[in-house]
Structures are given as C-alpha cells and as structure tokens.
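Peer 1: Keeping their order, the protein sequence lines are chains A and B. In this text, residue positions in the first sequence follow our numbering: the first is 1, and each later residue adds one. In this text, residue positions in the second sequence follow our numbering: the first is 1, and each later residue adds one.
Heads up, some of the hints might be wrong.
To be verified - Mimicking EDC-like on lysine to aspartate or glutamate, the simulated pairs with C-alpha atoms at most 20 Å apart in a straight line are:
no., chain 1, residue 1, chain 2, residue 2
1, B, Lys-227, B, Asp-130
2, A, Lys-44, A, Glu-80
3, A, Lys-44, A, Asp-92
4, B, Lys-14, B, Glu-182
5, B, Lys-193, A, Asp-92
6, B, Lys-227, B, Glu-375
7, B, Lys-227, B, Asp-268
8, A, Lys-44, B, Asp-130
9, A, Lys-3, B, Glu-375
Hints in this document: simulated from the structure, not taken from any laboratory.
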Amino acid sequence: MQKPADWTQGVEAILYQSCVSCGQPQYFRRGFCAACGATELADKRAGGMGTVYATSVVARAATPETRAHVPYAIVLVDTEEGFRMMAHGANDLAIGDRVAARFTLFAGRLVPYFEKLA
Amino acid sequence: MTYITGVGLTSYGKHEGLTSLDLMSKAAELAIADAGLKRADIDGILCGYSTVSPHIMLATVFAEHFGIRPAYAHAVQVGGATGLAMTMLAHHLVDAGVVRHVLVVGGENRLTGQSRDASIVALAQVGHPDYEVPLGPTIPAYYGLVASRYMHDYGVTEEDLAEFAVLMRAHAATHPGAQFREPITVADVMASKPVASPLKLLDCCPVSDGGAAFVVSREPTNAARVKIRGCAQAHTHQHVTAAPRLSELGAEISIARAKQASGMAITDVRYAAVYDSFTITLAMLLEDLGLARRGEAASRVRSGYFRRDGEIPLNTHGGLLSYGHCGVGGAMAHLVETHLQMTDRAGNRQVRDASVALLHGDGGVLSSHVSMFLERV
C-alpha cells in the first residue's frame with residue numbers, strides 16, 4: 001500500500017484514514033481499521049480545524065535540538081473530522097479553544113502548529 | 001495459594017560504579033536470605049529490563065551471573081507496571097505448580113550509568129515514533145497533557161498536586177534508604193523549576209540507581225504470612241494520543257477485576273501502595289481506585305488520611321517521588337515496603353494496621369495497569 005505523504009514525511013498535510021466499512025476515523029496509519037478489522041480504508045486530508053483537548057508547555061527538553069525551542073507547547077487536538085492528534089501549539093492555548101493548524105519547523109522537521117481562531 | 005516470602009531493597013540514589021546486574025544481585029541476595037532460602041531453592045526467575053544495559057535475554061544473563069539454573073526464566077516489560085506484572089505472573093506460575101519459588105528482581109544504575117538527558121530521551125520513546133516523538137515530547141509532557149485535562153475536568157489545582165509531593169517527602173524523611181529526605185512544603189513545590197506544565201520539578205520523580213527483589217512461594221518459608229489474594233490487569237492503549245476518555249482509564253478496569261479475583265473490597269484496605277511517577281499519577285490513581293472521590297484525593301492528603309498514622313497509610317517509604325525511581329525496581333520498592341509493614345518490620349515507619357494492602361502499578365502513560373490485593377493471614 002502506497003503511503004501518501006503527510007507532515008510526518010515533511011509535506012504540509014494532516015492525513016487520516018476513514019474505514020469504508022464502519023466509518024471510524026483513524027489517525028495512526030495502518031493497513032486495517034483498528035475498530036473493526038476491515039481492510040478497506042479511504043485516505044483523507046483533514047481541514048486542520050479542531051478543539052484543544054489537553055496542553056502542556058515543555059520547559060525542560062532532552063536534546064540540544066529541541067532545547068533550542070523551549071518553551072514549546074505540546075497539544076492534543078480533537079479534530080473536526082473526529083480523530084485526536086498530538087501537535088505543537090501556541091503557548092497560551094487553553095483546553096476548549098477552537099484552533100486551526102499551520103505548519104512550522106521544529107528541530108529541523110516540519111510539525112503541525114495550532115493557533116487559536118480569532 | 002501463594003505467599004511473598006522474602007523481600008530485598010537497596011537504598012535508592014547514587015550507586016557509583018555498580019552495574020544493573022550488581023544492583024539486581026544485591027537485592028536478590030537480600031530477598032532470598034529474607035525468605036530463609038538458598039540460591040538453589042529458586043527454580044523460577046522473572047526480571048524486568050535495564051535501559052542502561054538492554055539485553056534480549058536479561059533473565060538468563062542474570063541467572064548465569066547470579067549462579068542459578070532455573071526451570072523457568074524470562075524478562076517482562078510493562079514499563080512502570082513491570083514489578084507488579086511480574087508478581088502477578090509469579091503468583092500464577094506458583095499457583096499452577098510450574099515452580100515452587102520464583103525470584104522477582106529489578107535493578108538499574110539509571111542515574112550514574114547514563115546522562116539524565118539520555119534517560120529522558122530513552123523514556124520518551126514510549127511515544128509513537130511517527131506521530132508523537134518527532135514533536136519533542138518528554139514523559140513529563142505526556143503526563144502534563146493528562147494533568148491539564150484532569151485538572152480542567154475535576155477542578156484540581158497545582159497546589160492540590162503539590163500536596164502529594166510534600167506527603168511523599170515527609171514519608172521518605174523517615175527512611176534511611178530514600179534518595180530525598182529534606183522536608184519540602186507546597187510553596188517549595190510551586191516554586192520549583194517548570195518541567196512540562198502543569199508539572200514542576202518537585203511534581204516529578206527523580207532518576208535513581210537501585211535494586212529491589214522478592215520471592216513468591218507456594219508455602220510460607222518463615223514467620224511472614226503475606227498472601228497474594230488476587231490481582232488483575234488492564235491495558236487500554238499505549239500512546240497518550242490514543243488514550244480513552246478519563247472516565248474510561250485502565251485503573252478502574254483493573255481494580256474492578258482485582259476485586260473480583262480476590263473477593264476484597266476497597267473498604268477492606270488498610271494500607272495502600274500506589275504508583276506515583278508524578279503527583280498527577282498518584283492523584284488520579286487514588287481516585288480511579290476508589291481510595292478518594294473524584295477531585296478529592298488532595299483534600300484527603302491535607303486531612304492526614306494517607307499519613308503513616310492516617311486511615312490508609314500510603315507509600316510510607318516515600319514512593320517514586322522521594323524514595324526514588326530506578327526503572328523496574330522503582331515500584332517494586334512499594335511492594336517491599338508493604339511487606340515490611342504487613343510483617344511488622346517497618347521500624348519507626350510502622351503503621352498500626354497493614355493487614356490488607358492494595359497495590360497498583362501503571363506503565364506507559366496510564367496505558368498498562370496492575371492491581372493487587374495482599375493479605376496477612
């Protein structure tokens with residue numbers, strides 16, 4: 001199965017899979033639906049909109065590359081498409097904030113970055 | 001029917017020059033002697049892992065090093081829940097008659113054997129390699145995420161969390177083997193360096209060197225009569241991104257199964273040993289287990305409920321937060337302390353009544369859970 005490129009391969013996109021059989025959205029890519037086991041999955045691109053589920057601002061990083069970025073916020077976002085994802089976000093984000101994704105470079109890699117909707 | 005017949009524990013902190021095998025050997029020697037047994041009596045070995053000295057066959061490496069040729073041996077890996085998961089397996093192996101005396105052992109020179117950064121990087125790998133680790137999260141950040149949501153949903157404050165660090169430190173102050181014994185206050189915790197919000201340095205357990213071991217046997221081998229009444233596990237996810245809702249976390253599932261397996265109720269519990277990698281871990285688990293109502297664990301700490309002289313003494317050795325955390329051995333110290341309390345050997349830390357104990361371990365990011373009831377008979 002050809003893997004379409006998303007941010008984990010340096011392309012500005014958040015992708016997910018949608019089970020053709022049970023409709024469950026799935027963020028961690030795999031060759032089957034983890035909810036029902038069906039193998040027919042549609043690749044979809046998320047719109048980048050969502051709601052902050054949890055947030056933590058990292059002040060103590062463990063590598064020289066990541067330490068250059070402190071403090072940086074790690075967020076869990078519940079996307080409009082119905083799956084949860086981890087990303088970076090603005091340091092002042094709070095739980096429940098409506099957010100939109102853009103992309104930024106972190107330790108030399110492309111990562112999704114969520115900001116509060118005006 | 002199985003019994004914990006012997007326990008062994010080193011001090012936690014710095015053990016300059018000692019390897020993981022050295023620390024495992026020290027603890028094993030103590031546990032076997034405590035059980036009144038000889039090396040040759042041990043026919044089963046379960047061990048954890050060492051992030052400093054990874055090996056695909058650590059149990060046989062240890063057996064050869066220690067001088068035992070067991071009939072059953074392998075390693076077990078469930079993160080912080082490994083110690084109790086090994087105890088559960090030992091219980092079933094002994095109960096099924098596969099072996100008579102299982103040595104359960106964990107130990108690691110995690111503090112002096114590698115840099116703190118290396119340790120943090122190694123542990124962050126419990127995250128998803130593609131979808132989480134590239135974002136630069138740390139273990140405190142994974143738990144910081146969980147904490148932010150739990151505090152939001154149940155009205156828990158950072159000062160509430162600080163109470164758990166203060167309690168664990170107060171308990172550690174009376175144990176000569178604890179890594180940190182200087183008393184601290186809520187203000188000290190609040191003023192400690194930010195690590196991953198809302199967690200600050202004193203909300204986090206340290207990295208330690210140390211070793212712990214115990215022996216699980218079919219019959220008592222000495223005066224100690226600590227019976228494993230029943231235990232159970234629950235595994236709901238690995239990665240925090242895939243964690244279920246807070247109301248569906250694994251601790252509630254494993255404790256429900258453990259109650260069923262043991263026929264025990266929370267009201268029977270006289271002593272508690274609960275995993276405390278971070279203050280939030282302890283707060284959440286106490287509430288998940290039913291030792292406090294939602295959002296009320298901190299007020300129970302303030303009222304003295306979990307103190308040595310309280311209704312349910314908790315982690316009287318100081319827990320991971322202050323006794324220390326050497327990896328697999330970390331939470332095994334909880335069981336060693338429980339055993340000492342249940343056999344009236346805890347000295348100046350002795351509680352009034354530890355006849356029934358509840359132990360709970362957590363691995364990953366509240367991913368894997370083991371609950372266990374012990375009873376003095």
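Peer 1: Now tell me, hint by hint, if it's right for this structure.
Peer 2: For each hint, the structure was consulted:
no.: 1; hint: Lys-227/B to Asp-130/B; result: violated, 44 Å
no.: 2; hint: Lys-44/A to Glu-80/A; result: holds, 13 Å
no.: 3; hint: Lys-44/A to Asp-92/A; result: violated, 30 Å
no.: 4; hint: Lys-14/B to Glu-182/B; result: holds, 16 Å
no.: 5; hint: Lys-193/B to Asp-92/A; result: holds, 19 Å
no.: 6; hint: Lys-227/B to Glu-375/B; result: holds, 5 Å
no.: 7; hint: Lys-227/B to Asp-268/B; result: holds, 15 Å
no.: 8; hint: Lys-44/A to Asp-130/B; result: holds, 18 Å
no.: 9; hint: Lys-3/A to Glu-375/B; result: violated, 54 Å
The earlier numbered hints that this structure contradicts are 1, 3 and 9.
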